[in-house]
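K.L.:
For chain E, the structure is supplied; the task is to place chain C on it using the hints.
2 protein chains.
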Amino acid sequence: MPRLLRVGAAQIGPIYRDDTRGEVVERLIALMEEAERKGVELVCYPECALSTFFPRYLLERSEAERYFEESMPNPSVQPLFDQARELGVGFHLGYSELDGGNHYNSSILVDKEGRIIGKYRKSHIPGTSEPIPGQRFQHLERRYFLEGDTGFSVWDAFGGKIGMAICNDRRWPETWRVLGMQGVELVIVGWNTPLTHYRKGISYSRLTEFHSKLSLQAGCYQNGTWAVGVAHCGEEEPDYVLMGQSMIVSPLGEVVALSTTLRDELISSTIDLDAGKEIKEGVFNFELYRRPELYKIISEPTGTNPSKG
Amino acid sequence: MPRLLRVGAAQIGPIYRDDTRGEVVERLIALMEEAERKGVELVCYPECALSTFFPRYLLERSEAERYFEESMPNPSVQPLFDQARELGVGFHLGYSELDGGNHYNSSILVDKEGRIIGKYRKSHIPGTSEPIPGQRFQHLERRYFLEGDTGFSVWDAFGGKIGMAICNDRRWPETWRVLGMQGVELVIVGWNTPLTHYRKGISYSRLTEFHSKLSLQAGCYQNGTWAVGVAHCGEEEPDYVLMGQSMIVSPLGEVVALSTTLRDELISSTIDLDAGKEIKEGVFNFELYRRPELYKIISEPTGTNPSKG
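Chains E and C, in that order, are what the protein sequence lines are. Its first residue numbered 1, the first sequence is counted upward by one per residue in my numbering. Its first residue numbered 1, the second sequence is counted upward by one per residue in my numbering.
Only chain E is shown next, with the shape it has when bound in the complex (with noise of 0.2 Å):
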């Protein structure tokens, strides 16, 4: 008997820099009427979906301010809530997250009640805290997000066992392997991830497409997991484009849906929960055949870092 559970990714276009948060929730409201349609139980959407992804520009913190969320939901947000409860359809939100002064790039898991029921914060931020001078746009994620306090959890809901990570924790294969070992059955990601890299001059923005789809399959295979991974994407303002390759991952590692434009889309896969279990008793048996104590170093705050010479 397959678990099986019907999810989607809302993947969200470009959303401006003056765009209400009333205007966006009505865009997340449409896709998931969409999914319920379509008969989606648990709709994701991406990595601070409630704004225009504001980290490319130096700003005031008062400035910055507006694009935070004191609390969760509310009034702005409030009617998406209210949607999902009515419709019968969880979600996954990210959003960024004020709490008591500290700031934080956060998501939520919200079940068919409309009850948060998880909530993660990213642990692996990325890009700079101080601009780099010369350059249009920045990845100022470390000047406007804590590193996330909360670490790797993984909830039973949606009948199975559900993880949640953000954007550049993606390509850590610690965070799927730390998901892993607590047996997770789908780890939902939504990213921000610039298509001309925010750094001029790096090499490998070409393959920034690979590079994701290449981070999910892995950690999916690695760990016998699906996952749902969604974009916020497109061009949020000239020259400053997001990509999107929004999928749907196998626990083979395999891609069975893909969103094709930069736009609000979304697509949606009926997943078998057990679909790992093959793997997960399998080749990578965790108990069988991994070599913790061959390990340590992994989780020593050591290591060679070469840019520190």
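A couple of the hints might just be wrong.
The list treats identical chains as interchangeable, and a pair is accepted whether it falls inside one copy or across any two copies.
As a list, the in silico SDA-like pairs of lysine to any residue whose alpha-carbon atoms are at most 20 Å apart [stated by the list, open to error]: (1) K213 / V256; (2) K213 / D239; (3) K161 / A275; (4) K296 / G151; (5) K213 / G234; (6) K119 / T150; (7) K277 / Y204; (8) K213 / E86; (9) K277 / R206; (10) K277 / S205; (11) K213 / E254; (12) K277 / E254; (13) K213 / V255; (14) K296 / Q182; (15) K277 / T208; (16) K277 / I202; (17) K277 / L207; (18) K161 / I297; (19) K112 / G39.
Because the hints were derived from the structure by calculation, they are not lab data.
P.N.:
Chain C only, in chain E's frame:
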């Protein structure tokens, strides 16, 4: 100034059950000579390159013993070492090692003077120790080999930082990360991977080549390292086929050379050992971005194991 090294993957086709060590060593030498003519400085032979891949059989220990090397070099293999010194070519060789009653699946790194400068013993031993009833071919690596006791090291050699891994090790991100934390620039990994999977009914047998490639590409990208992946391959007896697809993979995760046969075949590339620097100092700057305090579970002998119930 790039740090160039010309490397070769010397893929070995079928070795039959009764082929002598001398016959195999002749083939290895022919590949080394071809490599030398192509300017290769380091030629990489696969896992268990000196005999047929015997773990498919259930053998008496005394019968299996003939596939192991009690010393390295030994009189049968000495000609390979002699030729290496003669040609000024270094090499990597995988073989079945018997060391004072202990059996390992091992590999060595040999310099251009024919001196052994590094030894590694396979950490992640796949398969079973007892035969699975009803199967024509087994995968009894856990019967014939102990889990390696060396851990993962990196050697300063051939102008760079070189690590070794063996076959199933390549699927585990821990392998790559432990090497990556030591600043590895080139990982050499040989394999014997049944294309028709040894366990009947495994649904992902058709993905064997994809999973091998995925593991190499992810490991390289996520650690900014080159890899030479090299197969012992082909139909060693009717219905038992080992996959080939030897490949050289860049620190960006791109395949830059690929074998096309299931026979003895040399592929080679000139690689820039500095090519991973941009990755190591950028997206995977370990010291800046890693969160080792969140990775504890990875080096603990714990975790969910579905097969233990």
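K.L.:
Determine for every hint whether it applies to the structure shown.
P.N.:
Hint by hint, here is what the structure shows:
1. K213 / V256: both (12 Å within a copy, 19 Å between copies)
2. K213 / D239: Intra 23 Å, inter 34 Å, cutoff 20 Å: neither.
3. K161 / A275: Only inside one copy: K161 and A275 sit 13 Å apart there, 39 Å across copies, limit 20 Å.
4. K296 / G151: Classified as both; 19 Å inside a copy, 11 Å across copies.
5. K213 / G234: within (18 Å within a copy, 30 Å between copies)
6. K119 / T150: within (8 Å within a copy, 41 Å between copies)
7. K277 / Y204: Between copies, since 12 Å is at most 20 Å while 35 Å is not.
8. K213 / E86: Close neither inside one copy (34 Å) nor across copies (46 Å); limit 20 Å.
9. K277 / R206: between (35 Å within a copy, 17 Å between copies)
10. K277 / S205: between (36 Å within a copy, 15 Å between copies)
11. K213 / E254: both (10 Å within a copy, 13 Å between copies)
12. K277 / E254: within (15 Å within a copy, 30 Å between copies)
13. K213 / V255: Classified as both; 9 Å inside a copy, 16 Å across copies.
14. K296 / Q182: both (19 Å within a copy, 13 Å between copies)
15. K277 / T208: Classified as between; 17 Å across copies, 31 Å inside a copy.
16. K277 / I202: Answer is between; shortest inter-copy Cα gap is 11 Å, intra-copy 39 Å.
17. K277 / L207: between (32 Å within a copy, 16 Å between copies)
18. K161 / I297: Close across copies (18 Å), not inside one copy (28 Å); limit 20 Å.
19. K112 / G39: This pair counts as within: shortest intra-copy Cα distance 13 Å, inter-copy 64 Å.
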